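Q: First to last, the protein sequences are chains C and X. FYI, in the working numbering the residues of the first sequence are 4 to 100. FYI, in the working numbering the residues of the second sequence are 2 to 226.
Don't read these hints as lab results, they were simulated from the structure. There may be inaccurate statements among the hints.
[What the hints assert, rightly or not] Keeping only pairs whose Cα atoms sit at most 20 Å apart, straight-line, the calculated EDC-like set for lysine to aspartate or glutamate is: (1) C:7 / X:41; (2) X:132 / C:31; (3) X:60 / C:63; (4) C:93 / X:38; (5) X:204 / X:38; (6) X:220 / X:208; (7) X:220 / C:5; (8) C:93 / X:200; (9) C:93 / X:41; (10) X:204 / C:98; (11) X:60 / C:33; (12) X:60 / C:32; (13) X:204 / X:222; (14) X:132 / X:41; (15) X:204 / C:49; (16) X:39 / X:208; (17) X:132 / X:200; (18) C:95 / X:208; (19) X:134 / X:41; (20) X:60 / C:97; (21) X:43 / X:168; (22) X:60 / C:5; (23) X:60 / C:98; (24) X:220 / C:45; (25) X:37 / X:200; (26) X:60 / X:41; (27) X:37 / X:222; (28) C:93 / X:208; (29) X:129 / X:217; (30) X:204 / C:5; (31) X:212 / X:222; (32) C:95 / X:38; (33) C:7 / X:38; (34) X:60 / X:222; (35) X:39 / X:168; (36) C:93 / X:168; (37) X:39 / X:222; (38) X:34 / X:200.
Note that the structure is a prediction, hence the values are computed from the model and not measured.
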Amino acid sequence: MEFKHVLMILGVIILTLAPLIMYSGLGEDEGYFGGADGAAGDLIMEISPNYEPWFEPFWEPPSGEIESLLFALQAAIGALIIGYFFGYNKAKYDDQN
Amino acid sequence: MHIMEGFLPPMWAAIWFLLSGIVVIYGIIQLNKLIKDKPEVKPTLALAGAFMFILSSLKLPSVTGSCSHPTGGGLGAVMFGPAITAVLATIVLLFQAILLAHGGLTTLGANIFSMGIMGPAIGFLVFKLLKGKLNITWVVVLAAIFADWGTYVTTSIQLALAYPLPDFGTALANFGTVFAVTQIPLAIMEGLLTGLIWDYIMKLRPDLLAKLGLIEPAKAEGGAE
């Protein structure tokens, strides 16, 4: 791995950890770490209080746990494909060199 | 960044469906042509789609104290352009709308337009403009960052158009604050991750990138072919 790549990975880690450290001890009840999508929905209800969402999702994950399951599944599908691509090509690459 | 189900008035939902539909259909035609002409690039298509799957499932904390997730559209945009990326984004958005109630079916057109079309189009443009002027890794990083920012600015504009209260400018500023500010650090993160994965493809399969016309064929030697 090149030095550049180490710096890039460090950058990702720092950017992820910084908010958790900055707002350490604060949680959803204080209005932190909620989703931006929901915040936009709240803003719509605030500036246009009479607006009624005219369509409901057909199905919602019955709980936060199930939602995490499906999000994890989504990431796993992606990671499998990427891992396969890189694993397959890395083996071929090592074979040739 | 997703507009929630039911939160766009029917007229706007229809407009964005129409605009996105045209691009997605064009993208499907392009995609079929690409697969027919260069079947060997198929794995990179899967890779770009998979990258979007992962990144859009990572809800990350941002320095503004709210959470959002990257879109992953930058990689596809750089490799295949915005139209094909729109097709990939449609798959991801359908998954999220149907299984996660994240985004929505009525707002699908608008969400495809911001995440699958405008963001990637801006990333694609940045890539074209900077290519050859900087080290290609950083060009890709910047393209992904701008693709991500472009997405959030577009979503803010879409919401401000639908809810110009009290006027368009104020609404745009308000929605922009909710989305774009949260997204500034997340976009940088997405850019770095996109750059990392790009470099790894460059190391292992530069021939595939050369096939797509992204790098000089001369530089494509030494991969795993």
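Q: Would you mind marking each hint as holding or not holding in the structure?
A: How the hints compare with the structure:
Distance restraint check for residue 7 of chain C and residue 41 of chain X: the Cα-Cα separation of roughly 30 Å exceeds the 20 Å cut-off, and the hinted pair is therefore not satisfied. Using a Cα cut-off of 20 Å, the hinted pair residue 132 of chain X and residue 31 of chain C is violated, with the two alpha carbons roughly 43 Å apart. At roughly 18 Å between alpha-carbon atoms, residue 60 of chain X and residue 63 of chain C fall within 20 Å of each other, so this suggested pair holds. Distance check on the hinted pair: residue 93 of chain C and residue 38 of chain X sit about 26 Å apart at the alpha-carbon level, beyond 20 Å; violated.
Restraint check: the Cα-Cα separation between residue 204 of chain X and residue 38 of chain X comes to about 24 Å, which exceeds 20 Å; the hinted pair is violated. Taking the CA atoms of residue 220 of chain X and residue 208 of chain X, the gap is near 9 Å; set against the 20 Å cutoff, the hint holds. With a C-alpha separation of about 18 Å, the suggested pair residue 220 of chain X and residue 5 of chain C falls inside the 20 Å cut-off, and the hint holds. Taken as a hint, the residue 93 of chain C and residue 200 of chain X pair is honoured in the structure, with Cα atoms around 13 Å apart against an allowance of 20 Å.
With a C-alpha separation of about 17 Å, the suggested pairing of residue 93 of chain C with residue 41 of chain X holds against the 20 Å cut-off. With a C-alpha separation of about 14 Å, the suggested pair residue 204 of chain X and residue 98 of chain C falls inside the 20 Å cut-off, and the hint holds. For the suggested pair residue 60 of chain X and residue 33 of chain C, the alpha carbons sit about 19 Å apart, so the restraint of at most 20 Å is met. Simply put, residue 60 of chain X and residue 32 of chain C have alpha-carbon atoms about 18 Å apart, close enough for the 20 Å limit, and the pair holds.
This hinted pair checks out: residue 204 of chain X and residue 222 of chain X have alpha carbons roughly 10 Å apart, not beyond 20 Å. Using a Cα cut-off of 20 Å, the hinted pair residue 132 of chain X and residue 41 of chain X is violated, with the two alpha carbons roughly 24 Å apart. For the proposed pair residue 204 of chain X and residue 49 of chain C, the alpha carbon gap of about 51 Å is over 20 Å, so the pair is violated. For the hint linking residue 39 of chain X to residue 208 of chain X, the alpha-carbon distance of about 12 Å falls within 20 Å, and the restraint holds.
Between the alpha carbons of residue 132 of chain X and residue 200 of chain X the distance comes to roughly 15 Å, so the proposed pair stays at or under 20 Å and holds. A threshold of 20 Å between alpha carbons decides the hint, and for residue 95 of chain C with residue 208 of chain X the separation of about 13 Å falls inside it, so the pair holds. Restraint check: the Cα-Cα separation between residue 134 of chain X and residue 41 of chain X comes to about 29 Å, which exceeds 20 Å; the hinted pair is violated. The suggested pairing of residue 60 of chain X with residue 97 of chain C is violated, with an alpha-carbon distance near 35 Å, which exceeds 20 Å.
Restraint check: the Cα-Cα separation between residue 43 of chain X and residue 168 of chain X comes to about 47 Å, which exceeds 20 Å; the hinted pair is violated. Under the criterion of a C-alpha separation no larger than 20 Å, the hint pairing residue 60 of chain X with residue 5 of chain C is inconsistent with the structure, at around 28 Å. At most 20 Å may separate the alpha-carbon atoms for a hinted pair to count; residue 60 of chain X and residue 98 of chain C exceed this at roughly 38 Å. Taking the CA atoms of residue 220 of chain X and residue 45 of chain C, the gap is near 51 Å; set against the 20 Å cutoff, the hint is violated.
Only pairs whose Cα atoms come within 20 Å are accepted, and residue 37 of chain X paired with residue 200 of chain X is rejected, the gap being roughly 27 Å. A distance of roughly 33 Å separates the Cα atoms of residue 60 of chain X and residue 41 of chain X; the hinted pair therefore is violated under the 20 Å criterion. This hinted pair does not check out: residue 37 of chain X and residue 222 of chain X have alpha carbons roughly 24 Å apart, beyond 20 Å. Taken as a hint, the residue 93 of chain C and residue 208 of chain X pair is honoured in the structure, with Cα atoms around 14 Å apart against an allowance of 20 Å.
Annotation: proposed proximity of residue 129 of chain X to residue 217 of chain X holds, straight-line Cα distance about 14 Å (limit 20 Å). Straight-line distance between C-alpha atoms of residue 204 of chain X and residue 5 of chain C comes to about 12 Å, which keeps the hinted pair within the 20 Å bound. For a cut-off of 20 Å, the pair hint linking residue 212 of chain X to residue 222 of chain X stands: about 12 Å separates their Cα positions. Taking the CA atoms of residue 95 of chain C and residue 38 of chain X, the gap is near 24 Å; set against the 20 Å cutoff, the hint is violated.
In summary, the hint linking residue 7 of chain C to residue 38 of chain X is not supported, as the alpha carbons are separated by about 35 Å, beyond the 20 Å threshold. Under the criterion of a C-alpha separation no larger than 20 Å, the hint pairing residue 60 of chain X with residue 222 of chain X is inconsistent with the structure, at around 38 Å. Between residue 39 of chain X and residue 168 of chain X the CA atoms are separated by roughly 49 Å; this puts the pair beyond 20 Å, and the hint is violated. With a C-alpha separation of about 55 Å, the suggested pair residue 93 of chain C and residue 168 of chain X falls outside the 20 Å cut-off, and the hint is violated.
Distance restraint check for residue 39 of chain X and residue 222 of chain X: the Cα-Cα separation of roughly 19 Å lies within the 20 Å cut-off, and the hinted pair is therefore satisfied. Annotation: proposed proximity of residue 34 of chain X to residue 200 of chain X is violated, straight-line Cα distance about 27 Å (limit 20 Å).
This entry does not satisfy hints 1, 2, 4, 5, 14, 15, 19, 20, 21, 22, 23, 24, 25, 26, 27, 32, 33, 34, 35, 36 and 38, going by the numbered hints stated previously.
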